[in-house]
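Visitor: Going down the list, the protein sequences come from chains U and F. Count the first sequence with my numbering and you get residues 1 to 127, in order. Count the second sequence with my numbering and you get residues 128 to 532, in order.
There may be inaccurate statements among the hints.
Said to hold, decoys possible - If you want a taste of the chain U side facing chain F, the calculated C-beta under 10 Å gives, among others:
#1 V17
#2 T19
#3 L20
#4 G33
#5 A34
#6 A36
#7 C37
#8 F58
#9 K59
#10 G62
#11 C63
#12 I67
#13 W76
#14 G79
#15 I88
To be verified - A few chain F residues that face chain U, going by a derived Cβ cut-off under 10 Å, partial list only:
#16 M443
#17 V445
#18 W529
These aren't lab readings, by the way, just hints derived from the structure by calculation. Even for Gly, the Cβ is constructed at its ideal location relative to N, Cα and C.
Here is what each chain is made of, one letter per residue.
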Amino acid sequence: MAYSDKVLDHYENPRNVGTLDKNDPQVGTGMVGAPACGDVMKLQIKVNESGIIEDAKFKTYGCGSAIASSSLVTEWLKGKTLDQAAEIKNSAIAEELALPPVKIHCSVLAEDAIKAAVADLKSKQPA
Amino acid sequence: MTVHTPIYLDYSATTPVDPRVAEKMIPYITEHFGNPASRSHPFGWTAEQAVEEARDEVAKLVNADPREIVWTSGATESNNLAIKGAANFYSGTKGKHIITVQTEHKAVIDAVRELERQGFTATYLAPEPNGLIDLEKFKAAIQPDTVLASVMFVNNEIGVIQDITAIGNICRENNIIFHVDAAQATGKVDIDLEKLPVDLMSFSAHKTYGPKGIGALYVRRKPRIRIEAQMHGGGHERGMRSGTLATHQIVGMGEAFRIARLEMKAENLQVRRLRDRLLAGLEEIDEVYVNGDMDHRVPHNLNISFNFVEGESLIMAVKDIAVSSGSACTSASLEPSYVLRALGRSDELAHSSIRFSIGRFTTEEDVDYTIALMKSKIGKLRELSPLWEMHLDGIDLSKVEWAAH
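All chains, full assembly: derive it from the sequences and hints.
Guide: So this is what it looks like as structure tokens:
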């Protein structure tokens, strides 16, 4: 399997690895995938008072493309509003990382992780 | 001594040709190029003599009569010739049922599947979780029409050694032809075909420091075992396998097996010492699981699963060492090793397994480098792994409801 330079870079030097306090009302957590399928992504975002994502962290069990997809989106998420975050499409992730067709599902998983984290955060905030 | 990467730790996939073997082969490519079947001139006589000397050497390693050795292109051909050849020859008198094991090499499994398509029936025995066959289950699989059983000596993935004597005795009692794939066994375990109750045995040169493209099939003479040829032509190898003999390849196999006979005792001690050093180093990592029985096992093999680390990222991480993975992530569908699955390993553990196979040219420095590399890379991947984090938090992953995709 030949990986693109960008995938290799994120794999070798993953950005924003870590964990935020999932009980913090300003933090949204998305966990998607399953071990039996070969990938599990945990993505967390933290918003400030003005609703801007100021921090994003991930942990991923999966192949190099899955690790790279989640690492990349933590970079993209910072500075975005929740609505802007929810607009990130898997096709943009796949294009940026030059994912081959068999690895497109990794970008789909990353998009799902964002949606799950945003939904979790919204559910915590007063209506 | 400096370590040159990538370090080769895949001796069960293939071995380098020993330089002494290569040296012996070369004249038979250039000057002694004759066809061993040419009876009318010295070119042929020289080649024939070399072929027969090599046949003696192969026979000596396994304590057989040289007339019981048939040259083939490798263990895959030997397995096909033995299984299809014996099943077809004896099916009329004995029956059409075959017993084999789920963890056999594909060359055995697929040969038996082909016979099933031709009207045979087959039992694929499940091994015990340690990879070994339960003899009672083997006995229970025998039917009145069982004609052939095929069980490998040493498993290629997990290195476990089956009790060939016991299985062979059961076959003898039940008048079943017994074939053994010994591709991974030569030079690693003692093989004495005068004592072993085995009728047919497959060998390969390139797993024992010989060249690729050459192998042999042992066909017992007393009592005589008959097989139907699968390759027809000039009637070479007493009609069992036609085709011009590849003199240089045969010379290489003979020399490789001669060296194995003389050096295997000392070599296995050294290899075992290195393997045990590797195991001790890797067992310092948390949550590692050895696959296959450690007592009934060749000294060269270590197959180990690293829990909470995904297989493909693991292979990416350890590119400085040449090893085999239990995970075949070549396509979109993840397919864990069928051997590890047959042992009852979970998909996750099967995916995160690595087979280290050590050999003649492995050094202590290679092993120490590998231990340090694995410790650092497994640590890094677990830092990244949400499953490892959950495990440390005391969460039982088998009880989590995953959002499957």
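Visitor: Against which earlier hints does the structure fall short, listed by number upward?
Guide: 3, 13, 14, 15 and 17
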